[in-house]
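A.B. asks: As you go down the protein sequences, you meet chains A and B in turn.
Take the first sequence: its position 61, counting from 1, is numbered 61 in the working numbering, and each next residue is one higher.
Take the second sequence: its position 540, counting from 1, is numbered 540 in the working numbering, and each next residue is one higher.
Hint data in this document are derived by calculation from the structure and do not stem from the laboratory.
Careful: at least some of the hints might be erroneous.
To be verified - The calculated BS3-like cross-link candidates involving lysine-lysine, where the alpha carbons are at most 25 Å apart (straight line), are: (1) 29(A) with 619(B); (2) 619(B) with 104(A); (3) 436(B) with 346(B); (4) 546(B) with 564(B).
Unchecked claim - Which residues of chain B face chain A? A partial, calculated answer using Cβ under 7 Å: (5) 29; (6) 622; (7) 623; (8) 624; (9) 625.
Heads up, the beta-carbon is just placed ideally off N, CA and C, and yes, glycines get one too.
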Amino acid sequence: MIENVSIYELLTLTTILFFIGLYGFLTRKNLITMLMAIELLLNTSVINFVVINKYLYPDVLQGVYFSIFIIAVAAAETALAISIIINLYRLRTSVDITETETMKY
Amino acid sequence: MDFSYTIFILIIPIAMFLLLGFFYNKIKPAISGWIGVAGLTAVAGMSYYTAYQYFFNIPKVDGKFQTFFGFKMNWMNFTDTLRIDMGILLDPISIMMMVVVSTISLMVHIYSRGYMHGDRGYTKFFAFLALFTFSMMGLVVATNLFQIYIFWELVGVSSFLLIGYYYEKPSAVAAAKKAFIVTRFADLGFLIGILLMGYYGGSYDFMELNNPEGFNTILENAPQKFMGISVITTALVLMFMGGAGKSAMFPLHIWLPDAMEGPTPVSALIHAATMVVAGVYLVARMFPMFHFFDDGFALHVVAWVGAISSLFAAIIALTQTDIKRVLAFSTMSQIGYMMLALGVSKYDGHEGLGYMASMWHLFTHAMFKALLFLAAGSVIHAVHSNYLKDMGGLRKYMPITNITFLIAALSISGFPLTAGFFSKDEILVAAFEHNKPIYFITLFIAGLTAFYMFRLYFGIFWGKKKDYEHAPHESPWSMTIPLMFLAFMSIASGYLPFSEWVTADHEAIHGHIGLFSNLGVIHWDMAAIAIVTGLLGIAIAWFFYKKPTDYPAKISAAFGRFYKWTYNKFYIDEVYMFITHKIIFKRISTPFAWFDKKVVDGTMEGIGNRTVDFSKLIKGVQSGKVQDYAFAFVGGVFVLVLIVLYML
Numbered sequence: 001m002i003e004n005v006s007i008y009e010l011l012t013l014t015t016i017l018f019f020i021g022l023y024g025f026l027t028r029k030n031l032i033t034m035l036m037a038i039e040l041l042l043n044t045s046v047i048n049f050v051v052i053n054k055y056l057y058p059d060v061l062q063g064v065y066f067s068i069f070i071i072a073v074a075a076a077e078t079a080l081a082i083s084i085i086i087n088l089y090r091l092r093t094s095v096d097i098t099e100t101e102t103m104k105y
Numbered sequence: 001m002d003f004s005y006t007i008f009i010l011i012i013p014i015a016m017f018l019l020l021g022f023f024y025n026k027i028k029p030a031i032s033g034w035i036g037v038a039g040l041t042a043v044a045g046m047s048y049y050t051a052y053q054y055f056f057n058i059p060k061v062d063g064k065f066q067t068f069f070g071f072k073m074n075w076m077n078f079t080d081t082l083r084i085d086m087g088i089l090l091d092p093i094s095i096m097m098m099v100v101v102s103t104i105s106l107m108v109h110i111y112s113r114g115y116m117h118g119d120r121g122y123t124k125f126f127a128f129l130a131l132f133t134f135s136m137m138g139l140v141v142a143t144n145l146f147q148i149y150i151f152w153e154l155v156g157v158s159s160f161l162l163i164g165y166y167y168e169k170p171s172a173v174a175a176a177k178k179a180f181i182v183t184r185f186a187d188l189g190f191l192i193g194i195l196l197m198g199y200y201g202g203s204y205d206f207m208e209l210n211n212p213e214g215f216n217t218i219l220e221n222a223p224q225k226f227m228g229i230s231v232i233t234t235a236l237v238l239m240f241m242g243g244a245g246k247s248a249m250f251p252l253h254i255w256l257p258d259a260m261e262g263p264t265p266v267s268a269l270i271h272a273a274t275m276v277v278a279g280v281y282l283v284a285r286m287f288p289m290f291h292f293f294d295d296g297f298a299l300h301v302v303a304w305v306g307a308i309s310s311l312f313a314a315i316i317a318l319t320q321t322d323i324k325r326v327l328a329f330s331t332m333s334q335i336g337y338m339m340l341a342l343g344v345s346k347y348d349g350h351e352g353l354g355y356m357a358s359m360w361h362l363f364t365h366a367m368f369k370a371l372l373f374l375a376a377g378s379v380i381h382a383v384h385s386n387y388l389k390d391m392g393g394l395r396k397y398m399p400i401t402n403i404t405f406l407i408a409a410l411s412i413s414g415f416p417l418t419a420g421f422f423s424k425d426e427i428l429v430a431a432f433e434h435n436k437p438i439y440f441i442t443l444f445i446a447g448l449t450a451f452y453m454f455r456l457y458f459g460i461f462w463g464k465k466k467d468y469e470h471a472p473h474e475s476p477w478s479m480t481i482p483l484m485f486l487a488f489m490s491i492a493s494g495y496l497p498f499s500e501w502v503t504a505d506h507e508a509i510h511g512h513i514g515l516f517s518n519l520g521v522i523h524w525d526m527a528a529i530a531i532v533t534g535l536l537g538i539a540i541a542w543f544f545y546k547k548p549t550d551y552p553a554k555i556s557a558a559f560g561r562f563y564k565w566t567y568n569k570f571y572i573d574e575v576y577m578f579i580t581h582k583i584i585f586k587r588i589s590t591p592f593a594w595f596d597k598k599v600v601d602g603t604m605e606g607i608g609n610r611t612v613d614f615s616k617l618i619k620g621v622q623s624g625k626v627q628d629y630a631f632a633f634v635g636g637v638f639v640l641v642l643i644v645l646y647m648l
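Please construct the entire structure, taking both the sequences and the accompanying hints into account.
C.D. replies: Quick look at the structure:
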């Protein structure tokens, strides 16, 4: 519970962050940038968990725990994504998303 | 009496086939020939021993020969009564056939060692001969219709393999295919007959079907009539169609002359002595049924088909110039004899003379016709040609072949005191007693037979002197010994008391007449006419062909168109070609093929093609662009959210 800050302001912030992340994911061509955009999306949800837990159900801790899980999973996922991107770079000497369009019809 | 050793009569040939067939690269030709001869000697020995035991040592019951089973096992049960057995049936005709098959097969094995010497597929040839011997033995000892059908097809396969033995020759391949297709077509009738017989007759077993006491039960159970004849008779006629195909009866005979493309020992074994008489054997095997149902309607069919084929073939044989083809048509003619003899026969006692005559003629014919073929093979071996025009004056070069061929030719012409004289006399008597028109046809054929056989004999061994490039020489001993043995049999088999041994009701016709006393029961009045006819034929041939004369040319010119028709075998092959190609292929098969290709295939291909078209239309969705997928996903979520918020 933060003084003078209501839940609406915080949720507006996360919404803005979410759409920034979504926009980044849909428009960027660099895989690293896309990965960063995904991190933004994840962080949005982490903040949401914590905020909703704090403001609506202050006497339980599930939201906080979940956010810790998400951070842990996100770390592992990032490591995986980075390794895939590195391998792709070795193969194609590029991390451009347009280089990966071979799996199609 | 224990006949269980007879199973080895089947096991030895099939074992030989597997041995020679699987290891045919490993076995040296010289050894494989001896393996064949040794195996067949064992088979022949057992057959003779069985015949000796059966005819001499086993007491008759009520004056009848009993039927034994050397081996019997239940193979398949359909219902309590309808079942398929496998077994070895021993009765007079099956034992007689065993002796014929093993004797001829042994002689052909010995002969082939010389004739096929140096051939590339020598071992393969003996393997096929062993397969044929196995199949033919299985056919003659069959206990039921299905077993006979299985072995029936097996002899067809061996015949196919051996006709097409010289597979580099396109004509041999075509002949093999023709033989197989024609006989298979006939066997379709046989199969339908068997199934009808099983359904309405209630059994496949020969012993049950041929039991005269069961006929009325069968008639009660199967009262159906089709075009005025009982369904059982229909089944018998259909089965005879199979027999006619195998035995080269008109109009299913077209494969037999072409089958002469095979090696000559094969022609002797399969297409003269054994396989082609399978049809006669089948009718003899089912004889009580043929005789009983519809007053022997099916038997009348047999008689007339036999008589017409016999006459037809004898006329064609007059004009052919390929010596093996003359012999092929002669075979067809003689098998027609056996058929008509069966056809005019009745069942009991002296009335069953035709049956006995038919079986006897089968036996003697096997001997002298195999001899004729083997002697012809010896001649072909010497002059390297099948055609009469390349031969002449060979009696000086090949004395043994000359004498043996002469004996066989005399025997087939019914010359007195040869085997053919006795069996042919019985056939003429049977025909005279029961069917006068057929008797006169038979007598006429006897004259024709004597004429064309001696046309062949004088053409090969007398006639014009030829200047041969390489002087022909007598064949090796391996070929002449079988000739001499068969020449002996061509006379001696006439003195076996067949009327005591092989009859329709298993009872002696003339009572006990003992060995070598057939002269006592011969019908001399009938015989005199037959002898005169035969001698007339020989005399004309002598007059025409002993020295080169221009009579044959004049006669053939006098007959003009008829001669041409005969020379071209009455254009039966062309008729078949016309029916199959112009009518069946063009008018029936082509429209059906069109329907199949356009309508049936078209529907199926249409379904496939439309699916492919639709897939092409929507395949762009699967673009491989991750961001497109993500956009579609997010967009979808928004649409769903909007729907949930405002519509519900």
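A.B. asks: Hint by hint, say whether it matches the structure.
C.D. replies: Checked hints:
For the given pair, residue 29(A) sits about 23 Å from residue 619(B) by alpha-carbon distance, which is consistent with the 25 Å threshold. Our distance criterion of 25 Å between C-alpha atoms is met by residue 619(B) and residue 104(A), whose separation comes to about 9 Å. Proximity of residue 436(B) to residue 346(B) is assessed by CA-CA distance (about 15 Å); at most 25 Å being required, the pair is judged to hold. Between residue 546(B) and residue 564(B) the alpha-carbon distance is near 24 Å, which keeps this suggested pair within the 25 Å criterion.
The restraint placing residue 29(B) at the interface with chain A is violated, with a minimum CB-CB distance near 64 Å, outside the 7 Å limit. Given the 7 Å rule on beta carbons, the hint for residue 622(B) holds: about 5 Å separates it from the nearest Cβ of chain A. With its C-beta approaching chain A no nearer than about 6 Å, residue 623(B) sits inside the 7 Å limit, and its interface hint holds. Residue-level restraint check for residue 624(B) holds (minimum Cβ-Cβ distance to chain A is 3 Å; threshold 7 Å).
Taken as an interface hint, residue 625(B) checks out: its beta carbon lies about 6 Å from the nearest beta carbon of chain A, inside 7 Å.
In the structure shown, a violation is registered for the earlier hint numbered 5 alone.
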